[in-house]
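Could you build all of it, start to finish, from the sequences and the hints given here?
Listed below are the residues making up each chain.
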Amino acid sequence: MNNVAFILIAILTLAAALAAASLPKLIHAALSFAVTFIGIAAFFFLLGAEFVGLVQIFVYIGAVAVLIVFTILLTRRDDEKDRGFNWGGVAIAVAVFGGLLWAIFKTQSLSIAAPQIETLTVKRIGEVLMTGFVWPLQCIGLLLTAALIGALILVMEEKR
Amino acid sequence: MSGDFLDQIFIRVKQWLLSWLAGAPDWVIQIASSLINILALLGVFLTLFAAISVLERKILGRMQNRYGPNRVGPFGLFQPIADGIKMLIKEDIVPARADKIVHFLAPILIAATAILALGVIPYGRNMTPFAIDGGILFFFAVGSTTELAVFMAGWGSNNKFSMLGAMRAIAQMISYELPLIVTTLPVVMVVSSLSPDAIVAAQDGYAFGFVPRWFVFTPWGAAAFILFFVSGLVESNRTPFDVPEGESEIVAGHMTEYSGFKYATFFMAEYIGMFAISGLGITLFLGGWHAPIRALEVIPSYAWFFAKLSTLLFVYIWIRATLPRTRVDQVMNFAWKFMLPMAFACVIAAAVWHYAGRGVPGWLWSLGVIAVVYFTLSILLDTRKKFARRTYRFAE
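From first to last, the protein sequence lines are chains X and U. Here my numbering is used: position 7 in the first sequence is 320, and no number is missing along the way. Here my numbering is used: position 268 in the second sequence is 303, and no number is missing along the way.
Calculated from the structure, these hints are not laboratory results. You may find that some hints are simply not true.
Claimed, not checked - Here are the simulated DSS-like pairs of lysine-lysine, each with C-alpha atoms no more than 30 Å apart in a straight line:
id, chain 1, residue 1, chain 2, residue 2
1, U, 93, U, 125
2, U, 135, U, 121
3, U, 135, U, 195
4, U, 125, U, 135
5, U, 135, X, 338
6, U, 195, X, 338
In structure tokens, the structure reads:
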């Protein structure tokens with residue numbers, strides 16, 4: 314059953330990714346991109362990484378996809394103009410894909426059988442975050458707070 | 036044990052249904068079990084939707100000193116059937132310049148996400164349709180997809196009212212999602228679990244033998260519940276906060292270009308979203324399916340859940356009948372300047388409550404934290420204009 318699910322999700326994700334790369338209308342491409350994110354989240358669920366999958370949906374659909382869509386909306390100029398096929402983009406994509414493939418096949422961990430690990434609960438992740446990774450966590454918190462304050466200052470009305 | 040039998044009757048029915056598949060392979064049983072859950076959820080909540088659509092109009096009518104629907108069936112109770120038939124046979128109009136696919140997909144996506152969110156709420160003892168470890172996270176992850184659906188509706192319609200409505204809806208939803216999530220944080224911290232079942236289990240029992248240990252009876256819980264309820268009101272686009280579809284300003288917001296069954300789907304999604312957010316509020320703060328008094332525990336757990344749900348829904352309708360619509364900028368200011376700091380205060384108050392031993396001293400300390408933040412905020416946000424004495428001029 315897992316294999317069937319894997320193939321179905323893979324087909325959906327790849328089709329959505331292809332659509333995102335080739336659809337002429339920018340908004341359609343952005344929405345297909347969101348479907349790709351859902352597919353990736355489904356892979357995480359399939360692997361038993363529930364938390365990562367949920368965060369994937371949360372961050373990428375709830376925030377990144379909405380951000381992309383808004384960016385397109387606010388900067389929309391010539392969405393009807395067909396710019397032709399972007400061969401440069403294809404070259405870069407193939408290069409990145411090749412690089413990733415090369416890196417993945419070079420790792421040794423592929424040949425080792427996966428050790429039986431207990432299912433990762435949200436509680437365990439929380440404990441690790443608050444003990445071993447507390448400094449990175451605080452740094453990210455600081456960064457996000459700075460971003461929030463920066464956004465506020467950008468939109469603040471100028472007092473005269 | 037007739038009480039226990041009644042309490043678990045739906046579980047038994049499900050087991051009985053599954054016993055027909057005794058010899059089948061595992062995955063068949065798994066899928067059948069999920070399907071039973073899904074059908075039960077849809078059956079219960081679509082019936083509830085039909086009931087609330089007529090009850091809301093009846094209650095609104097009562098509060099506004101008029102009759103409400105009373106033509107179809109006894110007391111107008113068959114009104115939902117008439118409405119359903121009307122919606123189904125209405126012409127489905129799609130604007131000529133609309134983006135057909137996006138326009139078509141938006142109501143489907145919005146209804147699907149609303150229904151998905153219902154899946155993780157515990158409706159009774161052993162009655163969580165899909166008990167996953169990060170249930171609370173699932174709820175919000177699915178809920179955040181709604182924004183994309185609203186955007187699709189607004190953009191796909193190719194209408195400026197739709198787009199304006201969608202922009203308002205998204206701005207409002209993103210702003211209030213923050214206090215909504217932050218107010219669930221104290222509960223998650225105190226229970227130290229993201230699973231709705233664990234949260235309900237933590238609210239079992241009675242303090243001093245008669246006060247139920249629901250989180251709403253702690254200062255931080257009460258404050259967080261009120262904030263959660265208001266944010267929920269905004270997330271489900273109900274009146275005081277229905278700016279996205281303010282009829283008097285922008286026709287019907289992102290639903291302007293929808294008619295017939297697609298409009299009904301939006302309408303349904305809105306109500307289902309309301310059920311889901313109320314259900315989560317009950318789970319987090321109102322003790323889930325626990326009875327308020329020990330003597331009443333003989334009444335089945337799901338009956339308590341739905342009693343609480345009905346009460347909350349009545350309050351929703353009550354508020355709709357009472358309050359006028361807020362202005363866009365007021366809604367946003369309220370979110371960022373009041374709701375968010377108060378939500379963070381709840382987190383701190385919950386921590387104080389925990390470290391002061393969860394007893395009476397903790398109760399007082401957390402009340403102190405909430406009170407200090409509340410009064411500081413109300414002084415800082417005081418926008419009352421200092422009026423000078425009014426002078427009148429009359430024609431001579």
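For each hint, the structure was consulted:
Under the criterion of a C-alpha separation no larger than 30 Å, the hint pairing residue 93 (chain U) with residue 125 (chain U) is consistent with the structure, at around 24 Å. For the hint linking residue 135 (chain U) to residue 121 (chain U), the alpha-carbon distance of about 23 Å falls within 30 Å, and the restraint holds. Using a Cα cut-off of 30 Å, the hinted pair residue 135 (chain U) and residue 195 (chain U) holds, with the two alpha carbons roughly 16 Å apart. For the proposed pair residue 125 (chain U) and residue 135 (chain U), the alpha carbon gap of about 19 Å is at most 30 Å, so the pair holds.
For the given pair, residue 135 (chain U) sits about 13 Å from residue 338 (chain X) by alpha-carbon distance, which is consistent with the 30 Å threshold. For the hint pairing residue 195 (chain U) with residue 338 (chain X), the CA-to-CA distance comes to about 19 Å; that is within 30 Å, so the pair holds.
Hint check: no violations occur; every hint is consistent with the structure.
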